[in-house]
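First to last, the protein sequences are chains A and B.
Quick note on the working numbering: the first sequence kicks off at 51 and runs consecutively.
Quick note on the working numbering: the second sequence kicks off at 51 and runs consecutively.
The hints are simulated quantities; they were obtained by calculation from the structure and are not laboratory data.
Be aware that a few hints might be false.
[Said to hold, decoys possible] For lysine-lysine, the following PhoX-like pairs were computed, each having C-alpha atoms within a straight-line distance of at most 25 Å:
{"#": "1", "chain 1": "B", "residue 1": "K364", "chain 2": "A", "residue 2": "K454"}
{"#": "2", "chain 1": "A", "residue 1": "K442", "chain 2": "B", "residue 2": "K312"}
{"#": "3", "chain 1": "A", "residue 1": "K442", "chain 2": "B", "residue 2": "K204"}
{"#": "4", "chain 1": "B", "residue 1": "K454", "chain 2": "A", "residue 2": "K204"}
{"#": "5", "chain 1": "A", "residue 1": "K364", "chain 2": "B", "residue 2": "K454"}
Number of protein chains: 2
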Amino acid sequence: MKAEIIAVGTELLLGQIVNTNAQFLSQELASLGIDVYFQTVVGDNMDRLRQAIHTAESRADVLIFSGGIGPTQDDLTKEALASVLGRNLHYDRMAMDNIDRFFRGRNIPMTENNRRQAHAIDGCTPLPNETGLAVGNAIAHNGKFYIVLPGPPKELIPMFQNQAKTWILQQVLTHEKPIYSKMLKFAGIGESALETRVIDLIEKQSDPTVAPYAKESEVTLRITTKADSESEAMAKLDTLEKEIASRLGDHLYATGDIPIEKTIIDMLTELNLTVSCAESCTGGLLMETLTSIPGSGAVFQGGIVCYSNEMKEKLLHVPHDLLEGENAPGAVSAETAKVLAEQVRMIVDTDFGLSITGVAGPGYSERKPVGLVYIGISRREHDTLVLELNLKGNRETIRTRSAKTILYHLWKQLKEIADEA
Amino acid sequence: MKAEIIAVGTELLLGQIVNTNAQFLSQELASLGIDVYFQTVVGDNMDRLRQAIHTAESRADVLIFSGGIGPTQDDLTKEALASVLGRNLHYDRMAMDNIDRFFRGRNIPMTENNRRQAHAIDGCTPLPNETGLAVGNAIAHNGKFYIVLPGPPKELIPMFQNQAKTWILQQVLTHEKPIYSKMLKFAGIGESALETRVIDLIEKQSDPTVAPYAKESEVTLRITTKADSESEAMAKLDTLEKEIASRLGDHLYATGDIPIEKTIIDMLTELNLTVSCAESCTGGLLMETLTSIPGSGAVFQGGIVCYSNEMKEKLLHVPHDLLEGENAPGAVSAETAKVLAEQVRMIVDTDFGLSITGVAGPGYSERKPVGLVYIGISRREHDTLVLELNLKGNRETIRTRSAKTILYHLWKQLKEIADEA
């Protein structure tokens, strides 16, 4: 089964937005076992849109459209597809009601062009829009399959996951077993190191399959299987997950697509433990990351950004002799990281105190190289852990990696505590 | 003149990476006055790559390729294009030397496949790679133009800007005047409000042209003109910039593609002023934003994240009666924002103290609605400015907009100080 993704929108051709929909849909189709051979972007132009549909029909079985189904005269995707298929458009009743309700609820008069968003190609399955007004369309025609989705990712993603995927499983992949997959998330290990340790599983590529994905400081394995039932699938996936966990348990922090800071906030909450931070070179990034998780207030009360030496002394009581003087270790040192972590833990009165101090660049500092970073983890009634990192990359990368690395080491400690409990 | 962008790489079709090259190249081509009608993504497959080239030739004058020119057998872009054009490949001398030097410098033996990166289509202009090994190719053939660029953005961007653009100006746009443009950056105003105030200039679309672009909490106008000389172009652009500044001077913070935090760090440095922050709902985002700018240490020493009421009291001396009690204004209030800004300014001893306190959601807090945020700007020997914001969006958007809004208001104050000086 071959698919082509057609994104419609002049704003993409002008480079005003990046085509993240193509990435999302490609990942989803890959996980369904459908090959994507081409992605196309075409503007809001009837002739060129029809031409793109003809080209795609000549080389794919499944055509997935994103965008061009809004209220304006520029939105032509359904019109173009209907004309290529030789079908008419009608107004979908439920979508019309939804649009009416939206405008009545806001006491705004509905302009006529909004009715266009309820357009459905004759014979299609309408795909309800949970987060917007434009209804999606899915249609089988002469052995080919066509799915029309909205452009905004916040509408496209739920419509694909909750509506289109089911239609594909039921109408397109009828003769195939359904597909089940799990995301395993790893921290504290690079993509290539992780790959080396599961390369035999990746290369076997039988059932379940294993595919790695890398993002900044995070690596994901997606494990996928086809099975007649969910329980059969889960049994196969669980066996493989256990095998992977036995090799990489020190890095496998979650099953499911969640960031490590979410796992940490959940574990701290569960264990009834609290955390505070003293940040130098990351300038607030670590605390921003932790507080990006809703509910973080239960375990994080606050912390201090001590960018200058003066603030390290004044707010965190780092001894002057440690920071300055001919033989002083300096602000970027294991000694300072230790004091920062211990002091912030005591000042804010938390179970853990985290510290980061280093050289994020582009210039060096204290004659120390860019990428040299010390992290400290102080735990109530325990020795403080201090680690030296030698990171590569630009300022942004070094700051991100510093924050992700300390989160990884905090997770390891929390895991030990949870395992003991 | 019509162009098509062809990105080559199976990793794009699997959704492992997002096609930011297409966005970058589309923006650059738009600024050169070249229309992009289609973007295509094709995998590392000879037949389908040749097919994509034929399709693109049938509908475009300029074909720009990204990716598929690395050292492995999967990298087929130059081979496919050479075969379609009926030309041979040779090794480019300079690129070969560059590859040899790279491996000698690292004392690694060069494997034979690396020579592929020096491939050049007979008759092409080689485009040197400043940040990598694979040489680019530019070639005119039967009235069409072909440009082959590397896939990694850190190689593609400089190769386009420093090599390919010049080739396009000299070989493709020979009969046209060169194009000059300027980016004007605005803060504290939405895209539609800004558009309304310059709509006559946008709609005139004569010379120079005006095009708006929007990113989160930032709006950009790109003004573009064609002219025989740079001085003629700059005269035209300056006149238009003055007209725009006369209407939107309160929002126009920079000429050039820089974020507002960069302008602020530069202005503070210039004015010899310092800043500190007390953050509640943004949890460190404001300080992280300021310290993302190299050299921020000269004007920013540190600050405090006071996520809980306890920390607001303990670290920033907010009176208990202000925070708690039946008739207390609470943590999310103008009163608390004022104390936070003033206290952090005094504690860190800076010229400005900034504060943010609000409800970022998803749940409400103190029975106050999600999106209600107070920001405070305390200036030494001046009254403190406190503003109430009612922001829309999810947790991330509300936090980002809070930080960008306070930066906008700080910039306004700095501008007044600079204007007075």
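A quick look at each hint next to the structure:
1. In summary, the hint linking B/K364 to A/K454 is not supported, as the alpha carbons are separated by about 29 Å, beyond the 25 Å threshold.
2. Note on A/K442 and B/K312: the hinted pairing holds, with a Cα-Cα distance of about 24 Å set against a maximum of 25 Å.
3. Under the criterion of a C-alpha separation no larger than 25 Å, the hint pairing A/K442 with B/K204 is consistent with the structure, at around 15 Å.
4. Between the alpha carbons of B/K454 and A/K204 the distance comes to roughly 23 Å, so the proposed pair stays at or under 25 Å and holds.
5. Of the pairs offered as hints, the one joining A/K364 and B/K454 is violated, with about 29 Å between alpha carbons and a cut-off of 25 Å exceeded.
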